[in-house]
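K.L.:
If you're matching them up, the sequences are chains A and B in order. Once you know that position 205 of the first sequence is 204 in numbering that gives the first Met the number 0, the rest is easy, because the numbers rise by one and skip nothing. Once you know that position 54 of the second sequence is 53 in numbering that gives the first Met the number 0, the rest is easy, because the numbers rise by one and skip nothing.
Think of the hints as simulated: they come from the structure by calculation, not from any bench. Take these hints with a grain of salt, some might be off.
[To be verified] Below, a list of computed lysine-lysine pairs in the DSS-like style, where the Cα atoms sit at most 27 Å apart:
| # | chain 1 | residue 1 | chain 2 | residue 2 |
| --- | --- | --- | --- | --- |
| 1 | A | K297 | B | K41 |
| 2 | A | K48 | A | K213 |
| 3 | A | K245 | B | K195 |
| 4 | A | K3 | B | K195 |
| 5 | A | K309 | B | K195 |
| 6 | B | K237 | A | K309 |
| 7 | B | K195 | A | K247 |
| 8 | A | K247 | B | K231 |
| 9 | B | K262 | A | K170 |
[Stated by the list, open to error] A few chain B residues that don't get close to chain A, going by computed Cβ distances all over 12 Å:
| # | residue |
| --- | --- |
| 10 | S22 |
| 11 | K41 |
| 12 | S67 |
| 13 | T176 |
| 14 | K195 |
| 15 | A196 |
| 16 | Y269 |
| 17 | L287 |
A quick note: this is a predicted structure, and the numbers were derived from the prediction, not measured. Glycine included, every Cβ here is placed at the ideal spot set by N, Cα and C.
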Amino acid sequence: MSRKIERLVNLTIALLATKRYLTKSEIFRSIDGYEGNVESKERMFERDKDDLRNLGIEIEVGGFDPLFEDEAGYRIRPEHYQLQLGEISGVQLALLSLAAEAWRGAAMDVLAQSAILKLQSIGVQSDLDCLPAISPRISAGEIDFSIIFQSIAQRKTITFDYLSDSMLVQKRTLNPYGVATRSGHWYLIGLDLDKAQERTFRLDRVRDEITLLKKSEEYEIPAGFDIEKSLGQTGAQELAVIDVRKGKAQILRQLALEIADNNEWDRLTIPFSDLSTIVDLILWHGDDVFLIEPKSIKLAIIEALRVIVKLHA
Amino acid sequence: MPKPPLTPLTRAARLLDLVPFLSSHQGISLQELAKQFGISEKEITQDLTTLWMCGLPGYTPLELMDLSFDSGFVSISNAQTLAKPRNLTSSEIIALLLGLDLVRGSLAPDRTDLISELDSLAHLLSAQIGFTVPVSALPESNSEIRSIIDKSLQSNIRTVIKYHSLYNDEISTRTITPVQWRYENSHEYIFAFCEKARALRTFRVDRIISATTDAVVDKLEESAQIKTSAEKVFYTIKIHGRLRTCLERFGVVKIIRDLDLGKELEISAYSPEWVRRSVMGSSGCVELRQPQDLRHQIRQRAESALRRYEVG
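Chain B with its partners taken away, still in its complex shape (with noise of 0.2 Å):
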């Protein structure tokens, strides 16, 4: 995630929340405070600089700050003025209090001890900002996965994982070794080196239905192949309807800015399953033009299903 840029505010704002940091974690290695601060040794030790320079009127040693970091390790001492940590702003109360909604919808529901402790500390945050704030968020994924993935991901050890691939609907057990964590489209995915396929694959978290660090794997679920197609089809569509809901659907809302209903587009994907079922699943508002095959596939499945209405 790129940074804001660094102006002489967001830096002042910095120095101003370090105090009260140092302050109750005093002794603390430059190393370990760089790092909870998300910047370098260099940048912090800039600030401790800067830190060293500031305190009440006056400005002689004895109203000065006093800090000690030349050996590696930082105390601040004549700093009680600034000592207590900054009110939080608005923003952050709020972006606390989904946070702390999302951590509600994470827990298990006998945990009534510590959904006590989420009721009394909304309302203190509530009572920060003089009214209570109508906010509401369900994890997207299960966190005991999520924790589960990230720690295989710490530790550089093998996760089981039971995943749901959508293209073809179907339940795979899959032994990953997570490489990463990626965001895309507001989405979350682990990256990791897939034993089944014998690469790299992307596994979208909330498609993944179970996970365990246990080393039993189902030698038989195991040793079933999967079919990796990596080849890409292109396809044609023309919208008839519900336009925004269709774009939605095949993924190209974001790059069509002015499209009049009823223009072709051209799309490609990885699945040509993908395709029948998203064009089928848009109900008669999206016809494929090309190609050819895959548009006869289509026919055909409308034709057979409603067969299977028009009997009943």
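If we strip away everything but chain A, and leave its shape as in the complex, we get (with noise of 0.2 Å):
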């Protein structure tokens, strides 16, 4: 396992230091571990360029040369391997670090490790001083995003298996066109090719692995895309005004956006798009929580309640 360690690193050095294309017989020759018969040091070295390839390292070729025809040459540009952030301040590398560590314990764990290693080896001294006490946690459970990051920077289709409001199976295809967290779930954003209409889904359902669609054509991003907007309740949203007893219904109390004192209890002003999510909530909250209005939602909750009165008959 070393040996093929020592020769990616070999190799990756020789074409990083190279002014010129190196040909294959020269790499052949000159970099340490390449062995065997001919045939089989083409597929190492086919498989190490794959190999680099995945690592994001960019290897150009040409440079054939006049006097041996039909021979490739391969290099590497030290302003494509190289980090590339220009000047880059004390604070802005403590902000980028903050940015990196909040993945930490996420699935996404070894990749943000890695980031972090990049940016520390700039050479410049993260300034944290500057910073207040934050420590923002990305809570990212097991959702693995390498595909779906992939699939976002290239901008390729995926297709996956999602779970419909009803719990049936749905194979979905998606040109993904970002992704966003709140309160701990994550949603992807994008055009949804079978509907032909933006769609937002929520990545706890999906089934299974998330696949690039292979010999997908990149997609372009709406130039009007505005992902807060997407992410925001579709439609006009609605207030609501209901009384809550003091010390109570914390959940409610996050969303109000006005809260007035009444006596025993507090009058909430909440907005909502969703009836049947507001109507949820306040029965949750049982006699802790009343509803003054609008007709809709009590009208709702009229109705819920002869069913749960009914069921339990």
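The two chains are supplied separately, each in an independent frame; assemble them into the complex guided by the hints.
P.N.:
What follows is the structure in structure tokens.
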């Protein structure tokens, strides 16, 4: 195993250091580790090239030598290999480190670790003192984002099985536009190719693996796409007025735009867009919460309560 | 978190990152280096030994990288070709962009200085990919509270928290000594010794309303005893509609694969109050079949609520 590792590192060094393209025969002659007959050397080299490309290292092919017509040359351009963030300040480096640290413990821990190491190798002292004492954390659990990130970066179509509201597993084909997280849930937004419409998917409702669609053409993210707008509930938001007992209904209080004192109660004004969600929330709180208006919610509450009574008769 | 299997490729990648790291941290101790790379000292020594064999074609001492690490401190020279860190991969960039957005949401709005730094960083990273990647991350829990708890965990000191218990919708003040961060179902928890319960308890971090390491504890609140019933309640439900929503609410969506609408489900919970609330909060899509006393209580609650609404 260590021979292969050495060879990969040596190949990288040689291709980076060269000012001109190196031909395969030069590579086999000069770089340590290419052994055996020509075919096995070729096989080794092909695999090594793929491996390095999988690490995101760009190997340029070109520079056909006029004397050896059919032999291609290879090199890695330092400007493509090296981190190019320009002049970075200590404050910026501290912010980037905080951003990477947020992924600690998640399935993407290894990714975060390698990003941190690269950033720390820039040679700039991270200026943590200027930051407030915060340590934000991304709740990503076991979600593996590698395919998702790859598809977004390369704008490649993906397919996956998705759990519908009635628990049916449906095949979905999506051109992902963006990814977002809200209260522990992850959302993938994109163009649903079957529905020909923009749709939002919750990643914990994806069953099994997400796969990149082979032979998919690079798509464009529409210029007007606004992820915040897509995440916000569609349609006009309505307001509900709700009385909640003092010291109770923390969840509703967090949603309130306005809290007014009303003796033993507080009167909350809450925005809502989905009727069943707000009805669920009100009923969950039992007699600590009482809806004042609008009538649409009141009717839905009465209807739901009648069903509950009937079901539990 | 399980580490991915170590392939020659992942190790080669680590070696490529080791060189610029050493070049910018000359004389670092072997112990610290291992810690930074999240591996053992034995593994890092193996890596260094392998690196020793690498360099420019020719591979005489003139071309090989020069490493010294026998006294427990590591230095590198003759490694100019690899001295600059590798470019970030597009996945790393997207992860960083999400992280930066999260940091932005964690900052007080008056830190416009840092917010403009975040903007320019996002711009810089997007330029590497070639377009602006739409990402958005809101912190699940308050980042300052998280930071206070993390500090108290690191230095083993007590923290006073105000905690919202969802089961009975109550806020209590508790003195805790954090033991460990835990992650489950995409949520973050702090496992801690709770003085009120005189036992180890798990707290969901996004339900901690405030935290302080001040030693002053409100004695009145402290003396109030919390009811802790660790006894499991077994119950049976039948779902009549909005299947996915209801299964998610009762936390059983993961274990059910093929379920017909109307099938009975046996579930357990630690709080009967949570069961009552969850059935009520399913607006008639969930029927509690067993046990009978809970079923009766739910009916009474629904009837009394109905009376209030029908009067008004």
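K.L.:
Please go over all the hints and tell whether each is borne out by the structure.
P.N.:
Hints and how they fare:
no. : hint            : result
1   : A:K297 x B:K41  : violated, 67 Å
2   : A:K48 x A:K213  : holds, 21 Å
3   : A:K245 x B:K195 : holds, 23 Å
4   : A:K3 x B:K195   : violated, 58 Å
5   : A:K309 x B:K195 : violated, 41 Å
6   : B:K237 x A:K309 : holds, 14 Å
7   : B:K195 x A:K247 : holds, 21 Å
8   : A:K247 x B:K231 : holds, 25 Å
9   : B:K262 x A:K170 : holds, 25 Å
10  : S22             : violated, 7 Å
11  : K41             : holds, 14 Å
12  : S67             : holds, 19 Å
13  : T176            : holds, 19 Å
14  : K195            : holds, 18 Å
15  : A196            : holds, 20 Å
16  : Y269            : holds, 17 Å
17  : L287            : violated, 7 Å
Going down the numbered hints, you'll see the structure goes against 1, 4, 5, 10, 17, while the others check out.
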